[in-house]
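Could you build the full structure based on these sequences and the hints that come with them?
From first to last, the protein sequence lines are chains A, B and C. Note that my numbering gives residue 82 to position 82 of the first sequence, counting from 1, and the numbers run on in steps of one. Take any residue in the second sequence, note its place counting from 1, add 1000, and you have its number in my numbering. Take any residue in the third sequence, note its place counting from 1, add 2000, and you have its number in my numbering.
No lab work stands behind these hints, which were simulated from the structure alone. For each residue, glycine too, the CB sits at the ideal point set by N, CA and C. Heads up, a few of these hints could be off.
[To be verified] Calculated lysine to any residue pairs in the SDA-like style (CA-CA distance at most 25 Å, straight line):
id, chain 1, residue 1, chain 2, residue 2
1, A, Lys98, B, Ala1038
2, B, Lys1127, A, Leu11
3, C, Lys2057, C, Asn2083
4, C, Lys2107, A, Trp175
5, C, Lys2255, C, Ile2307
6, C, Lys2304, C, Glu2258
7, C, Lys2028, C, Gly2064
8, A, Lys228, B, Ser1180
9, A, Lys12, B, Asn1221
10, C, Lys2255, C, Gln2327
11, C, Lys2253, C, Ser2226
12, A, Lys98, B, Ile1049
13, B, Lys1216, A, Gln176
14, C, Lys2253, C, Thr2267
15, C, Lys2057, B, Gly1035
16, A, Lys98, B, Leu1054
17, C, Lys2265, C, Thr2363
18, A, Lys98, B, Val1046
19, A, Lys50, B, Glu1158
20, A, Lys228, B, Ile1161
21, C, Lys2107, A, Lys98
[What the hints assert, rightly or not] Non-contacting residues of chain C with respect to chain A, defined by C-beta distances greater than 12 Å in every case (computed):
id, residue
22, Ala2050
23, His2089
24, Arg2101
25, Glu2127
26, Leu2172
27, Glu2245
28, Lys2277
29, Gln2327
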Amino acid sequence: MKKIIVGFNPLKWVTVVVYIFIFAPILVVILMSFHPQDIVSFPMPGFSFKWYAKFLSNENLLRALWVSLTLGLSAGCLAGVIGTLAAFAIVRSNLRIKAALNAVTFAPMVISGVVMGVAILSFFNAIGFPRGFFSLVVTHSLFSLPYVVVVVSARLAGFDRSLEEAAMNLGATPWQTFRSVTLPLIAPGIIGGMLLAFTISFDEFPATQFLSTPSTATVPIRIFSMIKTELNPQINVLATIMIVITIGVPLISEYFFRKK
Amino acid sequence: MEKAALKAPAYRSDEIPDAATGQEPFFIRLLQQRGFIAGVQFGPIVFWIFFFLLIPMLIILFYSFCQRGPGGVIEHSFSLKNYTHFFVAPIYRKVLIKSAVIALEVTLGALLVAYIPAYYLATVKMKNRILLLIMLIVPFWTSLLIRNYSWILILGREGIINVYLMQWGIISEPLQLLYSEFAVVLGLVHWVLPFMIFPIFSTVDNIDFDLVNAAKNLGANSLQAFWRVTLPLSMPGIAGGCLLTFILTIGSFVTPSLLGGPEDLMITMVIAERFLTLFDWPFGSAASIIYLAIMIAFVLVYDRFVGLKRILNM
Amino acid sequence: MADLELKQVTKQFGTFLAVKDFSISVEKGEFVSFLGPSGCGKTTTLRMIAGFIEPSKGEILIRGKRVDGVPPYRRDAGMVFQNYALFPHMTVFDNIAFGLRYRKVPKDEIKKRVREMLELVRLPDVEGRRPAQLSGGQQQRIALARAMVIKPKVLLFDEPLSNLDAKLREKLRVELRQIQQEVGITSIFVTHDQEEALALSDRIVVMNQGGVTQIGTPFEIYEKPSTEFVGAFIGQSNFLNGTVEAADRDTLKIKLAEGILVGAKKTAPVDLGAKVKVLIRAERIDLKSKPQATHLASDTNVIKGTIENWSYLGGNVHYYLRLENGQSVFVIEQTAGKTMFQKEDAAFLVFGFHNCLYFPRHT
Ligand SMILES: Nc1ncnc2c1ncn2[C@@H]1O[C@H](COP(=O)(O)OP(=O)(O)O)[C@@H](O)[C@H]1O
Ligand SMILES: [Mg+2]
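Below, the structure written as structure tokens:
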């Protein structure tokens, strides 16, 4: 294997450069979170945890983190349930509307978040419903639905239906079959989809800016205004925490699935 | 045969409880109705899409024909004023052109950056290919805001690039990298890269390389074989990646807001400004509808000339 | 009372008739195979018995009780699937105990019965393993145990051995028959493998294009095929076109091409001059280098042919001969204690009248 790539392979080196390009911004932020000074400067004069300490006493940011976490969990669960049911409908039913449904489900993925945001804002405004947490949960779940549908559909499409027949043949009712056979076997797909949904919600800004209120300001809302106003190094800490959460959560769940 | 007959009487089967009647409790029978199951599966998503996608879109369509009254109230006086204003005022034409130009630049840029790694990963069957593929999704997992912030740290006046270039004496004055179209395109290319790499990767990965070898066998050199065989065969992936990239970019908001200069206004920024600071919802709605119309027109034209089916079947 | 009864069961998919007018009555402890080419409706029939699909017409009775319309989980028909369908997320123990849990069997009894079953299928030490850690043959035995532990009224098999390699298939076939007889459980076995059906069954149902062609013991099916299809599908046979030349009370004389006559035992009434197709089993023909008897005397046919080709298969030899009228005949001979014929050798085909079957022919 190694011998094939002897000497200089331009394709390989271009690939390496692209990977550096992909990871550079992420690594820079993590590095900066340990920067010891107020003004971000290069090269780093040292290494410190002081911004972490500052961050941990910044109530605004902590509240935003809490809002984002609960919002992500709620939207993830909601999208998980709706998306799983929809995946069943799309994979297993033979109704005509399923193709149309499949296509429409993907609309929120390609329509600009800004436009989705103003449309949903207008909707809630028209029915006299206040902005805030609920409207955010709805919007974020809508954005995450296509991802859940894709992941769960893939899992369902590969599902051997004779397993369900075997269960019923052995005396399990359709509901018992679903609980004891179908659900456990597609659970990794559902959880994977929900994690994706969480990640999407956790990072959503374009639509969120229209729907959040001061008490439901999410982490992206805070970061956006911090970037716009002053370059506070606490962003680096927040960024590092976000990176650790968004990369760590899937990795941890992966680890547990492997073990099981 | 006799043996079976001899032993047979010893066998008695278990009865399932209430197998005799074959009747289920009411709610279980309800659960098993086909209509009920279909309702549970289709219901929530149809509800969600109807109320939170279709109706909201119709509402902004309605608003786009209204007028902004004093204090931001929406006056239900129907006219095409918002639309005519949008197309008459030069600033909005500039915004539209800028959006399209940036989207095009990003699409081309992403294609250039993505093709070689996608090709390399697909053709060199290395052991840790899966790991390298997963690593491509990592930027997708990390917050876009954070990545943009990081570009500020890298490209800014006192950012990494300027600091080092000056230290090494290559430049004497910091370069204006940030708050420019260049920064916007760079940030967006970084954002859309996975959407470009994966479709290309999967089509190249599915190419039967005996075809390429056959071409070489017939006398083509490597470059010719690539140009005449591999590239045309990877066209569906390229087409799919470009479509997705273009659509995502033209609707992007965060990156142009954070990395762009005052000139780099995109249509989403106009919409957001109208809704958030000018409280002119009708005009903002009209701009949204124009954005949607352009997107739909683009997809239809694309379907006409390239074909969506080919991409979607990928 | 029959354990399982099908009365004119018919299944239609759209305009396509997958199963038509299937009727049979299966006795307690009987082992019945559905045999037929792929696509003939065997699985569909089995799935109607199990309750996964409902018949379009007809009745299905298990122990005298109508079950069509009863959902599968209330039918008490255990099924062994072609791909085993073991639950991959459960251990072998949980797989086998699955049905018992839904029958509210007490815990200790579940344990006892699962262990008994594992003994019965000769896999006592695997209860803690996952299906993926078992070989194909072991998985199929667990699938059998899982279906039998609930003591179903009928046991249904859908080509359970077809995913296994030939040696293992035969071994499991013997074991399966043994276990079935030990327990005395009524069984329906779907297969497209004639050898499997012949070896296992008390009775065979031969199916073709959705219809039942013949029901009978393996002996009847092989020796007295009711139609040309059954004769062709099972065993290796020669078919020769002819017309009935003469008939008396017990025998027929059938004229083949170029006036060659063969004698056949009369099994069904035919008219003189009727067009027939003659069936002769390849292994029922003896090849002799000299005609030791007279043709058509003492109920024996002796016909001259020339060896055109042969293939040696160890235990037996396949000879391809040409008769004097140009028709080809295929003969299987045991190799034990015989000298082999060579190409171009003349040989006499010797077969009794009773080995010469005939069917009406329309072309
Ligand atoms: N759900 C279905 N819809 C339409 N046709 C079907 C369906 N299930 C089976 N068939 C058709 O019915 C015929 C019999 O199928 P099957 O019973 O599976 O045959 P086999 O004898 O090989 O088991 C086949 O031609 C098959 O294509
Ligand atoms: Mg079948």
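Hints, verified against the model:
Of the pairs offered as hints, the one joining Lys98(A) and Ala1038(B) holds, with about 11 Å between alpha carbons and a cut-off of 25 Å not exceeded. Under the criterion of a C-alpha separation no larger than 25 Å, the hint pairing Lys1127(B) with Leu11(A) is consistent with the structure, at around 17 Å. At most 25 Å may separate the alpha-carbon atoms for a hinted pair to count; Lys2057(C) and Asn2083(C) exceed this at roughly 29 Å. The hinted pair formed by Lys2107(C) and Trp175(A) meets the criterion: a straight-line CA distance of about 22 Å does not exceed 25 Å.
This hinted pair checks out: Lys2255(C) and Ile2307(C) have alpha carbons roughly 22 Å apart, not beyond 25 Å. Note on Lys2304(C) and Glu2258(C): the hinted pairing holds, with a Cα-Cα distance of about 13 Å set against a maximum of 25 Å. This hinted pair checks out: Lys2028(C) and Gly2064(C) have alpha carbons roughly 12 Å apart, not beyond 25 Å. Of the supplied pair hints, the one linking Lys228(A) and Ser1180(B) holds, its CA atoms being roughly 15 Å apart against a limit of 25 Å.
For the hint linking Lys12(A) to Asn1221(B), the alpha-carbon distance of about 20 Å falls within 25 Å, and the restraint holds. Distance restraint check for Lys2255(C) and Gln2327(C): the Cα-Cα separation of roughly 13 Å lies within the 25 Å cut-off, and the hinted pair is therefore satisfied. A C-alpha spacing of about 20 Å is found between Lys2253(C) and Ser2226(C), which places the hinted pair at or below 25 Å, so the restraint holds. Straight-line distance between C-alpha atoms of Lys98(A) and Ile1049(B) comes to about 13 Å, which keeps the hinted pair within the 25 Å bound.
Restraint check: the Cα-Cα separation between Lys1216(B) and Gln176(A) comes to about 59 Å, which exceeds 25 Å; the hinted pair is violated. For the hint pairing Lys2253(C) with Thr2267(C), the CA-to-CA distance comes to about 13 Å; that is within 25 Å, so the pair holds. At roughly 24 Å between alpha-carbon atoms, Lys2057(C) and Gly1035(B) fall within 25 Å of each other, so this suggested pair holds. For a cut-off of 25 Å, the pair hint linking Lys98(A) to Leu1054(B) stands: about 17 Å separates their Cα positions.
Taking the CA atoms of Lys2265(C) and Thr2363(C), the gap is about 23 Å. The hint holds against a cut of 25 Å. For the suggested pair Lys98(A) and Val1046(B), the alpha carbons sit about 10 Å apart, so the restraint of at most 25 Å is met. For the given pair, Lys50(A) sits about 22 Å from Glu1158(B) by alpha-carbon distance, which is consistent with the 25 Å threshold. With a C-alpha separation of about 21 Å, the suggested pairing of Lys228(A) with Ile1161(B) holds against the 25 Å cut-off.
Straight-line distance between C-alpha atoms of Lys2107(C) and Lys98(A) comes to about 44 Å, which puts the hinted pair past the 25 Å bound. Separation of Ala2050(C) from chain A is inadequate, the least Cβ-Cβ distance of about 6 Å not exceeding the 12 Å criterion. For His2089(C), the non-interface assignment is contradicted: its Cβ lies about 5 Å from the closest Cβ of chain A, within the 12 Å cut-off. Its closest Cβ contact with chain A, about 9 Å, brings Arg2101(C) to no more than 12 Å, contrary to its assignment away from the interface.
The claim that Glu2127(C) is not at the interface with chain A holds, since no C-beta of that chain comes within 12 Å of its own (minimum 17 Å). Listed as outside the interface, Leu2172(C) is consistent with that label: its C-beta sits roughly 19 Å from the nearest C-beta of chain A, beyond the 12 Å cut-off. Glu2245(C), annotated as away from the interface, keeps every beta carbon of chain A farther than 12 Å; the closest lies near 55 Å. Interface exclusion of Lys2277(C) from chain A stands, the closest Cβ pair being 41 Å apart, more than 12 Å.
Against chain A, the non-interface label of Gln2327(C) holds: every CB pair exceeds 12 Å, the least being about 47 Å.
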